[in-house]
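Those protein sequence lines, which keep their order, are chains A and B.
Residues in the first sequence are numbered from 1 upward in steps of one, following UniProt numbering.
Residues in the second sequence are numbered from 1 upward in steps of one, following UniProt numbering.
Hints may contain errors.
Dumping the calculated DSS-like pairs for lysine-lysine here, alpha-carbon to alpha-carbon at most 25 Å [what the hints assert, rightly or not]:
id, chain 1, residue 1, chain 2, residue 2
1, B, K226, A, K91
2, B, K176, A, K91
3, A, K142, B, K179
4, A, K140, B, K102
5, B, K102, B, K77
6, B, K179, A, K74
7, A, K199, A, K74
8, A, K142, B, K176
9, B, K98, A, K74
10, A, K91, B, K312
11, A, K139, B, K179
12, A, K197, A, K306
13, A, K180, A, K219
14, B, K77, A, K91
15, A, K74, B, K176
16, A, K91, B, K234
17, A, K140, B, K312
18, A, K146, B, K226
19, B, K77, A, K74
20, A, K74, B, K94
21, A, K98, B, K215
22, A, K140, B, K215
23, B, K179, A, K98
24, A, K98, B, K176
25, A, K301, A, K281
26, B, K176, A, K139
27, A, K98, B, K98
28, B, K94, A, K98
29, A, K199, B, K234
30, A, K281, A, K300
31, B, K326, B, K215
32, B, K215, A, K91
33, A, K98, B, K234
34, A, K309, A, K286
35, B, K102, A, K146
Residues from chain A that face chain B, not an exhaustive set, calculated with beta carbons under 8 Å [claimed, not checked]:
id, residue
36, P80
37, L97
38, T185
Hints are computed from structural coordinates only; laboratory data are not their basis.
Please read these numbers as outputs of a predicted model, since none were measured by experiment.
Backbone N, C-alpha and C fix where the C-beta goes; we use that ideal spot for every residue, glycine too.
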Amino acid sequence: MAWQSPNGLVHAMHSIRRAAQLRPFLQRSVISASPISSPSTPAGLRQRMSARGYATELEPVAAAPINLAEFQAKPARIVPASAAYFSGSPKFIDHMLKLEALLARYASLPTVSPSEAPRMAWFKLLQFRDVVGEPVPTKKYKALVKLLQRLNRINPSVAPEEVRSALSLFLRPGNPYGIKPAPATVDEQGRARGKGKRKASSAVVHLVEGEGEVLVNGKTLNEVFPRLHDRESAVWPLRCTSRLDKYNVWATVQGGGVTGQAEAITLAVARALLVHEPGLKPILRKAGVITVDARRVERKKPGHVKARKMPTWVKR
Amino acid sequence: MIVRQLCVRQSRQLRALPRQSRILARFSSTETTFQTPVQTPIAEPGSRLETPSPSVAVPEPVRSDANKDLDKGLARKIQFHSLGSDVTGVYLPKSLLKYPPKATDVTLEMLLASQTHLGHSTSRWNPQNSRYIFGIREGVHIISLDQTAAYLRRAAKVVEEVAARGGLILFAGTRKGQKRIVVTAAELAQGYHIFERWIPGSLTNGEQILGHCEKKIVNGLDDEMKIWQEELAKYRSLKPDLVVCLNPIENVVLLHECGLNNVPTIGIIDTDADPTRVTYPIPANDDSLRSVTLIAGVLGRAGQAGQERRLKEAREGRLTYQAMDKLSVPAEEKESPAGTPSAATTEEPTRKSRTKDEDDD
């Protein structure tokens, strides 16, 4: 090609000479390309650009293939892991934004009333703080739980898998609402055990089939409760079901006063009776003896005489 | 009467079966009904409406109440979606958020429609803003939209260049209702967002406040690399390379910290704000969410363009910024961090764009 004409011969010689001049540069460029930290344009490219002459005279050297594997293996910079980095609580905000996006997407799905929604045990605040490792304030966590509950109200038959998996991230380990106490049974000696509380008293009753004897802390009912009303109320579950002469009651009761002790025994007897005869539940419910009275003495407040009583106004 | 009949016959709404009675009721006077001419087209729309139903088909056997509700809703949507007139040229509240314009597409009409021109009551003005103010209308300063557009374009350029050089861009808008705006802009620009309170000291006392937040090492293509984890945990907290503040009046502390740390800032400067607090002011209304949406959207789009450019270069094997070489930088050496694109790299674009802008002006 180039050898065929005298002019071409001159050009070809010229190009060989230039190539010889370039050789040290080329060698150096190979060396300088080896260190990892050369992010700028490849050295070979610069060489070619500076040594540009006639298009025909220098045999164009194709650039070395990009070694993408090497490029990818080079660390380039440090960036925050989350877009909410500068807020100081990136994980919490990421969770929040994710749930909000889910809700926006599925807001039109039919919902059920809160009472019909599946009962979920969300993280307690302290547990959640441990999980995300950030000091999440109470108010913000409440907002998150509100979002969770709204998502949980989506009708379970149409709730998308995406929502279900997102909600499961916020569940406490184990299933607190799945733990059911074992049903109480009559023991081998024919005793049914029931516990009851009222005011500051607590009673434990053992109920056995018998002739209607009642012992409270080893004493008879008359000795323990001088007032008729208390005696009546202590055995009211048996009386209202007319089982007074069919069971013996062995009760231990402690704490509180006479009324509290009597009514604690009521609850305990009713519960023990239910173990023997579960069919009595509607009657006992109606008689009001298996309803727990959770009222306790209200605490005294500073500035008050009692829990709520204020000191009398004095003019001076 | 004849005219009425014609109208009814030609209207598109007639094609919907359930609506027919309502329309008739509206047009009906004392006469009861007209049977023949109107009733004829009914059979056709019925069949037309049935055709799209396969797409809605929900498995037949399990039909809970919820499914039924869903079906009803979808069916109604399909039934009525194609009906009615096409309303155009109206304000759709979410369109700005969903499809923010590019800086080159921003027109003065768009700015006007987004209420960017409305300043504050004249008594509350900051005289330093006089060069951005066009005039007074009903006791309110009107911002010059020419200026707004020019400054917005300059700010967009800054955001784009910083993004193209791998800088960390922080969008901060802590007012009520700015959350979606800030998050959307940050998502577009692959930046960072703050929509709650700026914790004072996040820059000046970053170790304490951001120390527990996770960082990661990425390569030129933004893929995470699991190397040097122990050193990374001990590494100093990061600082943004550009802060876009949508409500500078409330974020004085943020801007102050940025000033102390030599972090350039972009801010929406209303007529009552101090324009010297930010590096690149955008004179505009910061009280209207619509105005803020437009401006944040434009900046987010610019950031997106910059990131795309950077990643394109990276795919060709070039880095647009100086790569970190080692992570052995001691935590106390804070002046010349080798890891992030440092002040040297981020200041270059800013200076460049500033000179360019001065040339434009």
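Results of checking the hints against the structure:
1. At most 25 Å may separate the alpha-carbon atoms for a hinted pair to count; K226 (chain B) and K91 (chain A) meet this at roughly 19 Å.
2. Annotation: proposed proximity of K176 (chain B) to K91 (chain A) holds, straight-line Cα distance about 21 Å (limit 25 Å).
3. For the suggested pair K142 (chain A) and K179 (chain B), the alpha carbons sit about 18 Å apart, so the restraint of at most 25 Å is met.
4. Our distance criterion of 25 Å between C-alpha atoms is broken by K140 (chain A) and K102 (chain B), whose separation comes to about 35 Å.
5. With a CA separation close to 33 Å, the supplied pair K102 (chain B) and K77 (chain B) exceeds the 25 Å bound.
6. Between the alpha carbons of K179 (chain B) and K74 (chain A) the distance comes to roughly 36 Å, so the proposed pair goes past 25 Å and is violated.
7. This hinted pair does not check out: K199 (chain A) and K74 (chain A) have alpha carbons roughly 72 Å apart, beyond 25 Å.
8. Distance restraint check for K142 (chain A) and K176 (chain B): the Cα-Cα separation of roughly 19 Å lies within the 25 Å cut-off, and the hinted pair is therefore satisfied.
9. The suggested pairing of K98 (chain B) with K74 (chain A) is violated, with an alpha-carbon distance near 36 Å, which exceeds 25 Å.
10. Annotation: proposed proximity of K91 (chain A) to K312 (chain B) is violated, straight-line Cα distance about 30 Å (limit 25 Å).
11. For a cut-off of 25 Å, the pair hint linking K139 (chain A) to K179 (chain B) stands: about 18 Å separates their Cα positions.
12. Restraint check for K197 (chain A) and K306 (chain A): satisfied, since their Cα atoms lie roughly 24 Å apart, inside the 25 Å limit.
13. This hinted pair does not check out: K180 (chain A) and K219 (chain A) have alpha carbons roughly 36 Å apart, beyond 25 Å.
14. Taken as a hint, the K77 (chain B) and K91 (chain A) pair is broken in the structure, with Cα atoms around 38 Å apart against an allowance of 25 Å.
15. A C-alpha spacing of about 42 Å is found between K74 (chain A) and K176 (chain B), which places the hinted pair above 25 Å, so the restraint is violated.
16. At roughly 19 Å between alpha-carbon atoms, K91 (chain A) and K234 (chain B) fall within 25 Å of each other, so this suggested pair holds.
17. Between K140 (chain A) and K312 (chain B) the alpha-carbon distance is near 40 Å, which puts this suggested pair outside the 25 Å criterion.
18. For the proposed pair K146 (chain A) and K226 (chain B), the alpha carbon gap of about 36 Å is over 25 Å, so the pair is violated.
19. With a CA separation close to 53 Å, the supplied pair K77 (chain B) and K74 (chain A) exceeds the 25 Å bound.
20. Taking the CA atoms of K74 (chain A) and K94 (chain B), the gap is near 41 Å; set against the 25 Å cutoff, the hint is violated.
21. With a CA separation close to 20 Å, the supplied pair K98 (chain A) and K215 (chain B) stays within the 25 Å bound.
22. Of the pairs offered as hints, the one joining K140 (chain A) and K215 (chain B) holds, with about 24 Å between alpha carbons and a cut-off of 25 Å not exceeded.
23. Taking the CA atoms of K179 (chain B) and K98 (chain A), the gap is near 13 Å; set against the 25 Å cutoff, the hint holds.
24. Among the hinted pairs, K98 (chain A) with K176 (chain B) is consistent with the structure: their alpha-carbon atoms are about 19 Å apart, no more than 25 Å.
25. At roughly 40 Å between alpha-carbon atoms, K301 (chain A) and K281 (chain A) are farther apart than 25 Å, so this suggested pair is violated.
26. A threshold of 25 Å between alpha carbons decides the hint, and for K176 (chain B) with K139 (chain A) the separation of about 17 Å falls inside it, so the pair holds.
27. Distance check on the hinted pair: K98 (chain A) and K98 (chain B) sit about 18 Å apart at the alpha-carbon level, within 25 Å; holds.
28. This hinted pair checks out: K94 (chain B) and K98 (chain A) have alpha carbons roughly 19 Å apart, not beyond 25 Å.
29. The straight-line distance between the Cα atoms of K199 (chain A) and K234 (chain B) is roughly 57 Å, outside the 25 Å bound, and the hint therefore fails.
30. Between K281 (chain A) and K300 (chain A) the CA atoms are separated by roughly 38 Å; this puts the pair beyond 25 Å, and the hint is violated.
31. Distance hint between K326 (chain B) and K215 (chain B) is fulfilled; the C-alpha atoms sit about 16 Å from each other, no more than 25 Å.
32. This hinted pair checks out: K215 (chain B) and K91 (chain A) have alpha carbons roughly 12 Å apart, not beyond 25 Å.
33. A C-alpha spacing of about 29 Å is found between K98 (chain A) and K234 (chain B), which places the hinted pair above 25 Å, so the restraint is violated.
34. Taking the CA atoms of K309 (chain A) and K286 (chain A), the gap is about 35 Å. The hint is violated against a cut of 25 Å.
35. Straight-line distance between C-alpha atoms of K102 (chain B) and K146 (chain A) comes to about 37 Å, which puts the hinted pair past the 25 Å bound.
36. Interface restraint check: P80 (chain A) against chain B, minimum CB-CB distance 6 Å, threshold 8 Å, status holds.
37. Among the interface hints, the one on L97 (chain A) holds; its C-beta lies about 6 Å from the nearest C-beta in chain B, closer than the 8 Å criterion.
38. Because the closest C-beta pair between T185 (chain A) and chain B is about 39 Å apart, greater than 8 Å, the hint is violated.
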